[in-house]
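Novice: Sequence:
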Amino acid sequence: MLFGSGCLSILGQSQRHLRLISTVELRRNRVASEKLTRFNHMLGVCSAAGDFHGAERILQRVVKSEVAPDTLSFALVVAASAEARDVVRAEMWLRRLSLTGYAAAACHPEVISSLMDAGASELARVAAQQEGSKDDGDDTAEQAAETRLSSLLHVLRKQNDLSEREVAAIRSLWEEVLQQHRSDGLVPSRRTLRAMLQVWSRCNRHDEIGALLKEMSSVGFGFRADSETFGILIDGASQGKDVAQAEAFFTQARESGVEPTLPMLNSLIKCCAAAADVASAKKWYHRIYSEGLTPNILSFNSFLGACGTAGYEQEAESVLQEMLTAQLRPDGYSYLALIKAHGHKSAKEAERWFSTALSARVNVDTGMFNAVLRAYVVHSDPWQVKRLYADMQRRRVPANAATFLSVAHAYAVEGEVSKAEDLIHASEEAGYTLGSEEFSCLLLAYSWKPQYRSHKAERLFREMICERKILPTSRMLRYLRFAMGEAPAEALIEELGVSVSEATSSTT
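All the letters of the sequence shown, read from the start, carry residue numbers 23 to 530 under this note's numbering.
Keep in mind that a hint or two might mislead.
[As the list claims (entries may be wrong)] Keeping only pairs whose Cα atoms sit at most 27 Å apart, straight-line, the calculated DSS-like set for lysine-lysine is:
{"hint": "1", "residue 1": "Lys-441", "residue 2": "Lys-478"}
{"hint": "2", "residue 1": "Lys-408", "residue 2": "Lys-370"}
{"hint": "3", "residue 1": "Lys-180", "residue 2": "Lys-491"}
{"hint": "4", "residue 1": "Lys-491", "residue 2": "Lys-263"}
{"hint": "5", "residue 1": "Lys-263", "residue 2": "Lys-180"}
{"hint": "6", "residue 1": "Lys-305", "residue 2": "Lys-367"}
{"hint": "7", "residue 1": "Lys-263", "residue 2": "Lys-305"}
{"hint": "8", "residue 1": "Lys-263", "residue 2": "Lys-236"}
{"hint": "9", "residue 1": "Lys-370", "residue 2": "Lys-441"}
{"hint": "10", "residue 1": "Lys-408", "residue 2": "Lys-263"}
{"hint": "11", "residue 1": "Lys-491", "residue 2": "Lys-478"}
{"hint": "12", "residue 1": "Lys-408", "residue 2": "Lys-471"}
{"hint": "13", "residue 1": "Lys-236", "residue 2": "Lys-180"}
[What the hints assert, rightly or not] Listed next, with one range per pair, are the computed distances between beta-carbon atoms:
{"hint": "14", "residue 1": "Val-85", "residue 2": "Gln-336", "range": "55 to 65 Å"}
{"hint": "15", "residue 1": "Glu-450", "residue 2": "Glu-344", "range": "37 to 47 Å"}
{"hint": "16", "residue 1": "Asp-139", "residue 2": "Glu-56", "range": "29 to 39 Å"}
{"hint": "17", "residue 1": "Ala-90", "residue 2": "Lys-367", "range": "50 to 60 Å"}
{"hint": "18", "residue 1": "Glu-344", "residue 2": "Glu-88", "range": "46 to 56 Å"}
{"hint": "19", "residue 1": "Asp-139", "residue 2": "Ser-368", "range": "30 to 40 Å"}
Keep in mind that the hints were calculated from the coordinates and are not lab data.
C-beta: ideal position from N, C-alpha, C; glycine also.
I would like the entire structure built from these sequences, with the hints used as guidance.
Specialist: If you want it as structure tokens, here you go:
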């Protein structure tokens, strides 16, 4: 009996010891997971700000804290470099990761998205083709297929049109995902579904949308089009500025028995704002009240955005007053819309609202400065552009392509060629792709001093037509004639096969 009691006692102690070990292990794992979540949140902040130095320091802290970084951690570090327009550094990180067990970070949506925003579309496509994670030996074809599809959708998410090759690639990967999931009895992730619906919607691929919804409901995946589904479709149409299609999706939702939600109506107003359709924005704004819903700050800001884009300054001030009555505090986007609305008629009024935002202790950003700078450019006041840019530098607000273009234009109209060239060069060095407006600005600068800049104007025009494939505007052709002289300019235009009759008009 004593022997039996002793065995039972030892067995009980052993079980308690095992439970203690299990509890300690679970607690250790939980603490490590919470730490990694906090670190990844900090990495996300650095990534959004383009602070790759901060991201790399945080990654070092992760390792020193004896917390194992995951795929997201490395993806955010790569994305931070891409957001800072340091494509070379991002590529260096991708090469390092390809030699480790974290190769899946290359095709993470954060990486693909940031590379596309940085203009490194080719690198983004290469990254999207990387295989799935190899860090745990569970790299199944199923995971790779859905990951590759998700990455491809992120590459295409900002396009308003798809080539037949891109459509075929999506369909092929989708069939692969379906086949693999059917064999395992699982359903595709809702994230992948949302991404597909958004891409199809933005590119107006209505047949594909209908086929996808029908397929998902017919093969027993338990998928039913709900308010979230139609919200995604409306949001996709809004990104393409297609008000009619967004309204058609809303009508389809109502016919399917789906009750309107505030996010759906906010997306409709956002679509109207993108298209500068103030009348439709106002209609859907009032629809919020008629549906018994309460507008939030997104509702007001979307309506304000429509007024700002269209230049309806009185309507914008009225909406701002309604926002204050609803006891909502205007934010930077609210004041940005007011600055844009007034900037159509008066740059001074635009700057007055900028000062109002400062007085309200709103954190002024690059977009707000750019709106005032643009207003002074439109109203031909280069001195004020330079003054405001100096203030922007004094406040350490980062400049972007729109900033450089506005300030370069201020120097160009006064014939200060070198400074205009410096600013356009700074824009390109920062990772921005030069477009039609940048070339127009340089041609304007060269047109002031034809005896010195004729050769530069010719070289620039050749680059624009032959290498960049940019169609010239009628204004560009006029600047070219001023810079080179009528006869040499006409000879160059004829040599390059430029059709003067097809030259687009421009208000820049």
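Novice: Hint check: Lys-180 vs Lys-491, CA-CA at most 27 Å. Holds or violated?
Specialist: Between Lys-180 and Lys-491 the Cα gap is close to 21 Å, so the pair holds against 27 Å.
Novice: Just to be sure I understand the hint, the distance between the Cβ atoms of Val-85 and Gln-336 should be within 55 to 65 Å; is that true here?
Specialist: Holds, since Val-85 and Gln-336 (Cβ atoms, about 57 Å apart) stay within the stated range.
Novice: Take the C-alpha atoms of Lys-370 and Lys-441, compute the straight-line distance between them, and say whether it is at most 27 Å.
Specialist: With Cα atoms ~25 Å apart, Lys-370 and Lys-441 stay inside 27 Å; holds.
Novice: Quick one, are Lys-263 and Lys-180 close enough, alpha carbons at most 27 Å?
Specialist: Given that 27 Å is the threshold and the Cα spacing comes to 12 Å, the pair holds.
Novice: For Lys-263 and Lys-305, compute the direct alpha-carbon distance and say whether it is at most 27 Å.
Specialist: holds (17 Å)
Novice: Check whether the Cα positions of Lys-408 and Lys-370 lie no farther apart than 27 Å.
Specialist: holds (15 Å)
Novice: Between the alpha carbons of Lys-263 and Lys-236, is the straight-line distance 27 Å or under?
Specialist: Given pair Lys-263, Lys-236 holds - Cα atoms ~26 Å apart, limit 27 Å.
Novice: Checking one constraint from the list: CA of Lys-408 to CA of Lys-471, max 27 Å. Satisfied?
Specialist: Roughly 21 Å between the alpha carbons, so the hint for Lys-408 and Lys-471 holds.
Novice: Taking the Cβ atom of Ala-90 and the Cβ atom of Lys-367, is their distance within the range 50 to 60 Å?
Specialist: For Ala-90 and Lys-367 the Cβ distance comes to about 58 Å; the hint holds.
Novice: Can you confirm whether the C-alpha distance between Lys-491 and Lys-478 stays at or below 27 Å?
Specialist: holds (18 Å)
Novice: State, for the Cβ atoms of Asp-139 and Glu-56, whether the hinted interval 29 to 39 Å holds or is violated.
Specialist: holds (31 Å)
Novice: Regarding the pair Lys-408 and Lys-263, is the alpha-carbon distance no greater than 27 Å?
Specialist: Violated. Lys-408 to Lys-263 sits at ~34 Å, over the 27 Å cutoff.
Of the numbered hints stated above, the single one contradicted by the structure is hint 10.
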